[in-house]
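Student: Line order of the protein sequences matches chains X and W. Here the first sequence is numbered in the working numbering, starting from 1 and rising by one per residue. Here the second sequence is numbered in the working numbering, starting from 1 and rising by one per residue.
No lab work stands behind these hints: they were computed from the structure. Among the hints, erroneous ones may be present.
[Said to hold, decoys possible] Facing chain X, from chain W, some residues (calculated, C-beta under 8 Å):
hint, residue
1, P10
2, L17
3, A184
4, G297
5, T301
Heads up, the beta-carbon is just placed ideally off N, CA and C, and yes, glycines get one too.
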Amino acid sequence: MYPEQLRYTKEHEWVGLEGDVATIGITDHAQEELGDIVYVELPKPGTKLEKGKTLGSVESVKAVSDIYAPVSGEVVEVNETLAEAPEKINTDPHGAAWLVKIRLSAPGDVSDLLSAADYQSYIAAEK
Amino acid sequence: MVDFGGWDMPVQYSGILDEHKAVRTAVGVFDVSHMGEIEIRGPEALALVDFVSTNSAAKLTPGKIQYAGLLYDHGGFVDDILVHRVSEDSFFLCVNASNQDKDYEHIRAANRWQAEVDFAGNRYAQIAIQGPKALATLQKLTSTPLAAMRYYSFVDGEAAGTAARIARTGYTGEDGFEIYIAPAAAESAWDAIFKAGAEFGIKPCGLGARNTLRMEAAMPLYGHEIHASITPFDAGLDWIVKMEKESFLGRAALERQREAGTTRKLIGFEMRGRGIARDGYEVFIGGAPAGWVTSGGPSPTLCKNIGLCYLPVATAVVGQPVQILIRGQLVDAVTIPTPFYKRAR
Numbered sequence: 001m002y003p004e005q006l007r008y009t010k011e012h013e014w015v016g017l018e019g020d021v022a023t024i025g026i027t028d029h030a031q032e033e034l035g036d037i038v039y040v041e042l043p044k045p046g047t048k049l050e051k052g053k054t055l056g057s058v059e060s061v062k063a064v065s066d067i068y069a070p071v072s073g074e075v076v077e078v079n080e081t082l083a084e085a086p087e088k089i090n091t092d093p094h095g096a097a098w099l100v101k102i103r104l105s106a107p108g109d110v111s112d113l114l115s116a117a118d119y120q121s122y123i124a125a126e127k
Numbered sequence: 001m002v003d004f005g006g007w008d009m010p011v012q013y014s015g016i017l018d019e020h021k022a023v024r025t026a027v028g029v030f031d032v033s034h035m036g037e038i039e040i041r042g043p044e045a046l047a048l049v050d051f052v053s054t055n056s057a058a059k060l061t062p063g064k065i066q067y068a069g070l071l072y073d074h075g076g077f078v079d080d081i082l083v084h085r086v087s088e089d090s091f092f093l094c095v096n097a098s099n100q101d102k103d104y105e106h107i108r109a110a111n112r113w114q115a116e117v118d119f120a121g122n123r124y125a126q127i128a129i130q131g132p133k134a135l136a137t138l139q140k141l142t143s144t145p146l147a148a149m150r151y152y153s154f155v156d157g158e159a160a161g162t163a164a165r166i167a168r169t170g171y172t173g174e175d176g177f178e179i180y181i182a183p184a185a186a187e188s189a190w191d192a193i194f195k196a197g198a199e200f201g202i203k204p205c206g207l208g209a210r211n212t213l214r215m216e217a218a219m220p221l222y223g224h225e226i227h228a229s230i231t232p233f234d235a236g237l238d239w240i241v242k243m244e245k246e247s248f249l250g251r252a253a254l255e256r257q258r259e260a261g262t263t264r265k266l267i268g269f270e271m272r273g274r275g276i277a278r279d280g281y282e283v284f285i286g287g288a289p290a291g292w293v294t295s296g297g298p299s300p301t302l303c304k305n306i307g308l309c310y311l312p313v314a315t316a317v318v319g320q321p322v323q324i325l326i327r328g329q330l331v332d333a334v335t336i337p338t339p340f341y342k343r344a345r
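Sequences and hints are given; from them, build the entire structure.
Tutor: The structure is reproduced here in structure tokens:
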């Protein structure tokens, strides 16, 4: 369920690292809690993001939730397909429904993130 | 699960969109046992009910139901209620869960007659069966001929093997029934309803779908469209106010408001720009603050983002361009007629 190669935050984002570019998404647990997702707001390429600050938002039928940047850096790519098909986040949160790619400005940020096992124990304890 | 007035209630089962669609196209079931019930009995029951209800209890014949306001002296809503006339001298009120204690106190305080006011919330479980296949589903479980029942009428009979008050009412904009049964019988009734509705693809529905369904039907929700500082005239609920009655709670304030004129009015809108309006967001006209959103969100049936808002009376007309302040940005919307969704009859 939670891929080993990804890293996770307590705010329910995931991070996949390739070189100095991090792919960001929200976790399966997050999509499950939110329910049917109907709208996604994402930053434009070139936006500078600061770790812990708002990156964008996802809206389900019932509510809007902020997404926080798990790492600092510059947005290099945005998943444009989500504008037309935000429901992909419900069906493939760890794959096709990634949100943005960020070029890390502080590669050390990644070391603060949780492993798949730690994240799973965290959400198990949260319930 | 969310805590709802002390009740642990599911927001969703299979998903709001899925549940919403089940109710619009087939049948969905809601456990609404959290709703409150108040019984008013005795030879003077009618006098008390007619005094606390904005609607005309006197015109209500046994077996019929009325939607009504329960108001403060200043004309604002204590609650919106369903008044069932059980017999000449017995009434059954279905009230909002989170308001039931204050409703009960409010009615008792208004009781200058010898009517018996009984808090009955713990004696009833309530299950709502809603959708075009609601009748076919429930008919399998009761000998009461449901097709003969008018909308907003009820029958005391039996359903799913237990004594039941069967009302043709609902909060979804679809045909359907709400049954009131003993809490001890609720679990087996719930199971029986699912068996009966299986061939139609029956779905359990939570509070999330209940909200999107009632919003499409533009039915008010207490705490949103109506509350203590909103009068029935503000909310466009003139039809539940019978000013020809000599006295009822809030009448003097409503009389004054009718003479002075209302200043704001509830109206529907749809988003034109990208964004979803939510409860509490500010509404602007021509760049200036004008009102507020009372309910907003995506409409699963209409596939657009809709909402209800209060606007100054002069601007509360269909076709008025407005902007909704969505997280720091003004997004275009336009007022449209309500209800947003009306079922084919």
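Student: All the hints need checking, so say for each whether the structure fits it.
Tutor: Hints versus structure:
1. For P10 (chain W), the interface hint is violated, since its Cβ never comes within 8 Å of a Cβ in chain X; the closest pair sits about 11 Å apart.
2. About 4 Å separates the beta-carbon of L17 (chain W) from the nearest beta-carbon of chain X, less than 8 Å, and the hint is met.
3. Because the closest C-beta pair between A184 (chain W) and chain X is about 30 Å apart, greater than 8 Å, the hint is violated.
4. A hinted interface residue such as G297 (chain W) counts as satisfied when its beta carbon comes closer than 8 Å to some beta carbon of chain X; here the least separation is about 6 Å, so the hint holds.
5. For T301 (chain W), the interface hint is violated, the least distance from its beta-carbon to any beta-carbon of chain X being 12 Å, above 8 Å.
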